[in-house]
Structures are given as C-alpha cells and as structure tokens.
Amino acid sequence: GESVGLHLPTLSVQEGDNSIINCAYSNSASDYFIWYKQESGKGPQFIIDIRSNMDKRQGQRVTVLLNKTVKHLSLQIAATQPGDSAVYFCAESNQAGTALIFGKGTTLSVSS
Amino acid sequence: EPEVTQTPSHQVTQMGQEVILRCVPISNHLYFYWYRQILGQKVEFLVSFYNNEISEKSEIFDDQFSVERPDGSNFTLKIRSTKLEDSAMYFCASKTGTPNTGELFFGEGSRLTVL
Chain A
16 GESVGLHLPT LSVQEGDNSI INCAYSNSAS DYFIWYKQES GKGPQFIIDI RSNMDKRQGQ
76 RVTVLLNKTV KHLSLQIAAT QPGDSAVYFC AESNQAGTAL IFGKGTTLSV SS
Chain B
25 EPEVTQTPSH QVTQMGQEVI LRCVPISNHL YFYWYRQILG QKVEFLVSFY NNEISEKSEI
85 FDDQFSVERP DGSNFTLKIR STKLEDSAMY FCASKTGTPN TGELFFGEGS RLTVL
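Going down the list, the protein sequences come from chains A and B. Position one of the first sequence corresponds to residue 16 (the numbering used here), numbered consecutively onward. Position one of the second sequence corresponds to residue 25 (the numbering used here), numbered consecutively onward.
Worth flagging that the hints you see were computed from the coordinates, not collected in a lab. There's no promise every hint is true.
In silico lysine-lysine, BS3-like type, Cα no more than 30 angstroms apart, as pairs [claimed, not checked]: (1) Lys-119(A) - Lys-83(A); (2) Lys-107(B) - Lys-57(A); (3) Lys-66(B) - Lys-83(A); (4) Lys-81(B) - Lys-119(A).
If you want the ones that stay clear, here's a sample from chain B, every Cβ over 12 angstroms from chain A, calculated [as the list claims (entries may be wrong)]: (5) Gly-40; (6) Val-43; (7) Lys-66; (8) Ile-78; (9) Lys-81; (10) Arg-93; (11) Glu-109; (12) Ser-111; (13) Glu-132.
According to the in silico footprint, chain B covers these stretches of chain A (three or more CB under 8 angstroms from chain B) [said to hold, decoys possible]: (14) 55–61; (15) 92–100.
Beta carbons are placed, not taken as given, at the ideal position from N, Cα and C, and that holds for glycine.
Chain A on its own, in the form it takes in the complex (with noise of 0.2 angstroms):
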C-alpha cells in the first residue's frame, strides 16, 4: 500500500543551525515528493518538490535528498531561523498521479 511516514515527531534546533527532517516512505513506485510547511492556523504551504530521477534539489535555504534505495527523503533547511518554526510534512504522489498522500508531521521548533 502507499504509506509515508516520518521519523521524528519533533526537532528543536537553534538560530542559525542546519536542520535536517526525515521522512521514510513505502511505495517504491512513487515517483514525485513534495515537501510541505504548516504553520498553526494555515494550511500547507509548497516548499520543495523532487522527482523519483533526481537525488537532490536545492532551493533558497533547502534542499531535498531523495534515496531510493531505502525509501528516504529528507529536507534540509541551512540557517534555520525562528520563522521555520512549523510542522512540516512530506508527501508521495499516489500511482495514478491524482492525489498527494501525506506522511505525519513533524513540528520544527527554533529557539533564539
């Protein structure tokens, strides 16, 4: 079945460190992952996507590592700074490409 998950439900870091989530997921045939913020209140916010034929994407402060391998993905945030504060999710794209399926959250919080 389609299932993703993630390791930790919690992370505290403080200002200025890199930190890095992970997130295991179970169907090797998954092709498209997307990393997710949520803020209390809000809904998702986009972060960073990565397809199954890449192993890392960098963005602004972020970048996604996928190994196929052993089904991870991890997203790495650099300077972390307290408006990372947020759960943050990570999603597979279900086989036939019509819905996101969400893994558990995990709640990022920064200290000063």
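Once you've looked at the hints, dock chain B against the given chain A.
Chain B in isolation, oriented as in the chain A frame:
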C-alpha cells in the same frame, strides 16, 4: 498573489446535520482537491476533481460526502449527515498542470466542529 479561499473559516454543527464547505480555487487552475486534518494529525486526502468529475477519492470519502463545481469559480464539499468524527480542518487545494507535477496550493482551511 492569487490564493485559494475557503468559507466558512469555522462552522459548528449538530450531529446529523448537513454541512457545505465552500472553496474558490485559483482562477486558472484545473485540478481541485479536498483534504482534511484531524487536530494534531496528518493531512488526509479526500477527493480530487478534474474536468467536472471526480478523478480519485479515498476510503474516507464515502456516500456521505459529495463535491460540486456549481459554477466557474466555486468548488464545494458537502457532508450530508455529519458525525462526531467528521470534526476536522478541511482544506481545499488547487493546481494547474498535470496531476503528478507542480505545486498544490492550499487554502487556509475550514474548521468543522460536530457536536
């Protein structure tokens, strides 16, 4: 910046009542979605809609749920007879392009409380 808008932001209803949640997707988007999030849990897919029909639905989306695009701008989710376990935040989302690519834009959500 264009955004997905949802109304109401919060609705309280009695068990067994019908509820309609409304969404205005981004105007040039072609794919529309409803998701729900029970407090503190993950975002769960309910249904996707394209070309005026449902393209995919989850196990959660049973006969009590329906979606409509009654005009060129609105996209609604109806729950015919609400249950306590329907209490959740409901998110509408939309996107342009093919289903398996591109950014999915979410609204701010409608919180449904069933008493």
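Status of each hint after checking the structure:
no., hint, result
1, Lys-119(A) - Lys-83(A), "holds, 20 angstroms"
2, Lys-107(B) - Lys-57(A), "holds, 24 angstroms"
3, Lys-66(B) - Lys-83(A), "holds, 23 angstroms"
4, Lys-81(B) - Lys-119(A), "holds, 20 angstroms"
5, Gly-40, "holds, 28 angstroms"
6, Val-43, "holds, 19 angstroms"
7, Lys-66, "violated, 5 angstroms"
8, Ile-78, "violated, 9 angstroms"
9, Lys-81, "violated, 9 angstroms"
10, Arg-93, "holds, 16 angstroms"
11, Glu-109, "holds, 19 angstroms"
12, Ser-111, "holds, 16 angstroms"
13, Glu-132, "violated, 5 angstroms"
14, 55–61, "holds (count 6)"
15, 92–100, "violated (count 0)"
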